[in-house]
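S.K.: Chains A and B supply the protein sequences, listed in that same order.
Using UniProt numbering, you'd call the opening residue of the first sequence number 1 and step up by one each time.
Using UniProt numbering, you'd call the opening residue of the second sequence number 1 and step up by one each time.
Keep in mind that the hints were calculated from the coordinates and are not lab data.
Quick reminder that beta carbons are idealized off the backbone N, C-alpha and C, glycines included.
One or more hints might be untrue.
Okay, the calculated beta carbon distance ranges per label pair [stated by the list, open to error]:
{"no.": "1", "chain 1": "B", "residue 1": "310", "chain 2": "A", "residue 2": "347", "range": "40 to 46 Å"}
{"no.": "2", "chain 1": "B", "residue 1": "290", "chain 2": "A", "residue 2": "22", "range": "35 to 41 Å"}
{"no.": "3", "chain 1": "B", "residue 1": "183", "chain 2": "A", "residue 2": "94", "range": "17 to 23 Å"}
{"no.": "4", "chain 1": "B", "residue 1": "310", "chain 2": "A", "residue 2": "355", "range": "43 to 49 Å"}
{"no.": "5", "chain 1": "A", "residue 1": "94", "chain 2": "B", "residue 2": "46", "range": "51 to 57 Å"}
DMTMM-like cross-link-like pairs, simulated, lysine to aspartate or glutamate; straight-line CA separation at most 20 Å [what the hints assert, rightly or not]:
{"no.": "6", "chain 1": "B", "residue 1": "167", "chain 2": "B", "residue 2": "285"}
{"no.": "7", "chain 1": "A", "residue 1": "167", "chain 2": "A", "residue 2": "38"}
{"no.": "8", "chain 1": "B", "residue 1": "167", "chain 2": "B", "residue 2": "348"}
{"no.": "9", "chain 1": "B", "residue 1": "224", "chain 2": "A", "residue 2": "297"}
{"no.": "10", "chain 1": "A", "residue 1": "224", "chain 2": "B", "residue 2": "194"}
{"no.": "11", "chain 1": "A", "residue 1": "167", "chain 2": "A", "residue 2": "13"}
Next come the chains, spelled out residue by residue.
2 protein chains.
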Amino acid sequence: MSEIRTLALACKDASQAMFALDTETKRTLLHDMAAALEAQRDAILAANARDLQQATAKGIQGAMLDRLRLNESRLAGIATAVREIAGLPDPVGLVTRHDTRPNGLEVERVRIPLGVIAMIYEARPNVTADAAALCLMAGNAVILRGGSEALHSNMAIASALHTAFEKHDIPTAAVTLIEDLRRETMVELLQLSDIVDLAIPRGGEGLIHFVAEHARVPVIKHYKGVCHLFVDASADEALALNLLVDGKTSRPGVCNALETLLVHRDIATSFLPRAVQVLQECGVELRGCERSRALVEGIRPATDDDYAAEFLDLILAVRVVDDLGMAIGHIQRFGSDHTEVIATRNDEAARRFVQAIRSAVVMVNASSRFSDGGELGLGAEIGISTTRLHAYGPMGAEALTVERFIVRGDGQVRHPQSKL
Amino acid sequence: MSEIRTLALACKDASQAMFALDTETKRTLLHDMAAALEAQRDAILAANARDLQQATAKGIQGAMLDRLRLNESRLAGIATAVREIAGLPDPVGLVTRHDTRPNGLEVERVRIPLGVIAMIYEARPNVTADAAALCLMAGNAVILRGGSEALHSNMAIASALHTAFEKHDIPTAAVTLIEDLRRETMVELLQLSDIVDLAIPRGGEGLIHFVAEHARVPVIKHYKGVCHLFVDASADEALALNLLVDGKTSRPGVCNALETLLVHRDIATSFLPRAVQVLQECGVELRGCERSRALVEGIRPATDDDYAAEFLDLILAVRVVDDLGMAIGHIQRFGSDHTEVIATRNDEAARRFVQAIRSAVVMVNASSRFSDGGELGLGAEIGISTTRLHAYGPMGAEALTVERFIVRGDGQVRHPQSKL
């Protein structure tokens with residue numbers, strides 16, 4: 001048997017132990033995990049220093065190096081996040097529906113863990129603790145396959161978490177860190193369809209495509225966010241401007257940042273010059289259609305590629321549209337099913353927008369930046385699904401479970417046999 | 001562009017139209033579909049006669065030929081099933097949760113259709129109408145890829161359904177029947193990950209494996225049912241015998257039939273001889289462990305392959321176990337996550353069984369044959385999922401939708417900018 005299969009099978013066995021844990025045990029385990037991260041602070045930071053040194057030697061710098069970096073305050077933040085997850089409601093065992101059938105059968109729908117979740121991610125070592133904690137709180141075991149840049153940090157974090165498991169006599173394989181980071185090993189992991197119940201890739205487009213291409217296990221993609229703001233003819237202009245600036249500039253590098261502004265032609269003459277001025281003061285580069293460029297100077301021509309782009313930068317695509325229908329058509333063509341916003345004072349326009357747009361999150365008069373598990377009340381998130389199956393949008397602990405059926409009877413049979 | 005991609009894109013466009021339909025329009029559409037099936041009865045039966053003739057010429061006979069056969073009463077049954085689906089509650093638009101955030105945002109979880117569903121199935125032409133009706137009621141468009149034996153029947157049924165679409169000015173591509181049944185075309189369909197939201201394979205193991213191997217779109221498997229009955233030491237023997245006979249003999253060829261009997265050693269001496277006698281009178285062949293064979297004559301030796309088998313026939317595997325834990329271990333090793341039953345009068349044993357078994361449906365003192373969407377109150381089912389993601393167990397209309405987020409505000413931003 002291959003090494004990765006052996007590891008995954010041990011994780012599957014551990015998932016059976018996780019399935020049986022009650023809420024209080026899981027909470028205590030998570031608190032002990034947080035304490036272990038703090039107790040092993042020096043070892044984790046030393047491992048991280050080694051990763052940083054190797055990354056620097058490879059020429060990695062800027063935002064990527066920053067994502068890799070841990071320090072005392074970031075590590076304290078990771079422990080705090082694990083404790084917050086321990087305080088979430090336990091989705092496992094939740095009875096979502098109950099029905100008594102005419103024949104007397106009591107039918108319940110009850111949430112159970114998915115089983116074994118494989119997280120595939122890149123450079124950020126905090127995901128190792130975050131993802132493990134959220135998967136465990138939902139009763140799952142987890143296989144973690146992080147990026148090579150963070151390997152020593154991830155190993156030190158996993159090692160700390162394991163000390164908490166030993167204390168509770170839970171198999172450490174419930175959190176299995178893959179140290180063999182060859183691509184062919186990842187492919188093998190993604191094809192263990194008798195073991196892995198779900199793979200969640202989190203990272204750049206290249207990683208997501210690789211996972212989707214090679215996986216034979218179910219995948220929930222956390223794909224790009226090409227988020228739109230449509231400023232309707234009836235919009236409150238000051239409100240719309242606030243949403244625009246917050247959406248584009250408050251954190252341009254994240255998936256819930258705005259990438260495209262659509263403006264109704266009846267408000268464009270008034271709104272667009274103001275908007276462009278404010279955005280340019282914030283350092284935003286604008287790329288627009290001909291109509292927008294005729295209204296305001298300083299907008300470069302936009303191509304279809306710009307409308308399809310997740311810039312993750314201070315760049316915004318702009319288009320003036322004839323009406324709500326044209327805005328909807330644009331989003332249907334160029335959107336990525338992540339988050340779209342309408343600014344309007346017209347209830348009927350809001351209703352039509354919500355009805356026609358199939359994205360995971362649709363906002364009326366609120367910033368796209370709220371498209372986040374914490375902000376929407378999930379407590380914590382493992383990511384934002386753009387797969388329209390199982391979970392769509394921010395995924396919390398509940399999205400790491402599934403409903404099954406429990407049926408209680410007193411001897412009911414489907415075809416009674418008279419002879420018995 | 002390939003022909004299959006062109007067809008699938010038209011289906012995706014139609015899914016946008018389906019998404020926007022209100023409940024009453026969908027119900028009227030389904031009633032018109034049922035009426036069209038009746039109106040085109042002669043054409044459908046003539047097409048079916050052609051399929052039957054070709055199948056007979058190819059040497060197909062018995063149960064498989066019977067599954068392919070339509071007649072007036074079966075066709076009337078198909079129309080009735082479509083009308084019943086029209087009467088189901090509409091899952092689309094259902095608000096499953098509502099939360100007001102501290103900042104005043106109103107957050108709703110609302111069900112929307114999945115989009116485009118590809119049904120991959122085998123010889124039964126009734127699936128063409130059934131699956132189309134259930135997918136449409138949940139607001140989806142559907143791509144149907146049936147078996148070659150039923151092609152003319154399926155074409156005639158799809159043609160009848162399309163007349164109802166034209167009446168409502170809904171694109172007929174909302175129900176797209178694939179007539180090119182080459183394997184490479186099916187592979188291409190299963191890899192249209194920008195178009196197809198879900199593939200559901202229904203059929204034999206070969207088909208399921210083929211789809212799982214080649215799909216790059218999400219798949220929910222309707223895999224085999226190796227269903228177990230565990231007769232606990234405290235079971236009511238008459239009750240357990242009823243469950244056993246119903247589970248094994250009432251319809252042995254379906255996935256919710258029993259395949260394995262596990263008997264607690266403390267009740268085996270009394271229960272097993274009675275059970276074997278009744279089963280043998282029903283024509284059931286028994287294959288058992290050494291302990292069962294020592295207790296009763298006429299049981300052939302069982303292998304591990306027998307314990308893993310979905311016999312779909314009048315064959316039952318038998319094993320005497322030391323206790324509940326050994327029964328659970330057996331099911332964890334050999335089960336297929338479909339349906340398991342415990343017969344017991346001991347609440348604690350029932351609780352432990354339910355807690356340890358992760359199958360989609362767990363029954364206490366009820367027949368495995370109730371593991372069915374209609375019997376469990378879903379109204380109709382598209383199948384029984386053995387994939388522990390999205391839907392697990394019988395899948396009704398609601399399982400063909402997903403929850404998304406709708407957020408309403410009055411201008412909330414995440415990082416207020418003082419300068420605006």
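S.K.: Given the hint of 17 to 23 Å, is the C-beta distance from residue 183(B) to residue 94(A) inside that range or not?
M.R.: Given about 43 Å between the Cβ atoms, the range is violated.
S.K.: Straight-line Cα separation of residue 224(A) and residue 194(B) no greater than 20 Å?
M.R.: Within the cut-off at roughly 14 Å; holds.
S.K.: Between residue 310(B) and residue 355(A), does the C-beta distance stay in 43 to 49 Å?
M.R.: About 44 Å separates the Cβ atoms of residue 310(B) and residue 355(A), which means 43 to 49 Å holds.
S.K.: Under the criterion that the straight-line Cα-Cα distance not exceed 20 Å, is the pair residue 167(B), residue 348(B) satisfied?
M.R.: 58 Å, violated
S.K.: Taking the beta carbons of residue 290(B) and residue 22(A), is their distance inside 35 to 41 Å?
M.R.: 38 Å, holds
S.K.: Would the pair residue 167(A) and residue 38(A) pass a check requiring their Cα atoms to be no farther apart than 20 Å?
M.R.: 16 Å, holds
S.K.: For the pair residue 94(A) and residue 46(B), does the Cβ-Cβ distance stay inside 51 to 57 Å?
M.R.: Since the Cβ atoms of residue 94(A) and residue 46(B) sit about 52 Å apart, the hinted range of 51 to 57 Å holds.
S.K.: Quick one, are residue 167(B) and residue 285(B) close enough, alpha carbons at most 20 Å?
M.R.: 54 Å, violated
S.K.: If you draw a straight line from the CA of residue 167(A) to the CA of residue 13(A), is it 20 Å or shorter?
M.R.: 18 Å, holds
S.K.: Taking only the CA atoms, is the gap from residue 224(B) to residue 297(A) under or equal to 20 Å?
M.R.: Given pair residue 224(B), residue 297(A) is violated - Cα atoms ~65 Å apart, limit 20 Å.
S.K.: Could you see if the CB distance from residue 310(B) to residue 347(A) stays within 40 to 46 Å?
M.R.: 54 Å, violated
Consistency note: the structure conflicts with the earlier hints numbered 1, 3, 6, 8, 9.
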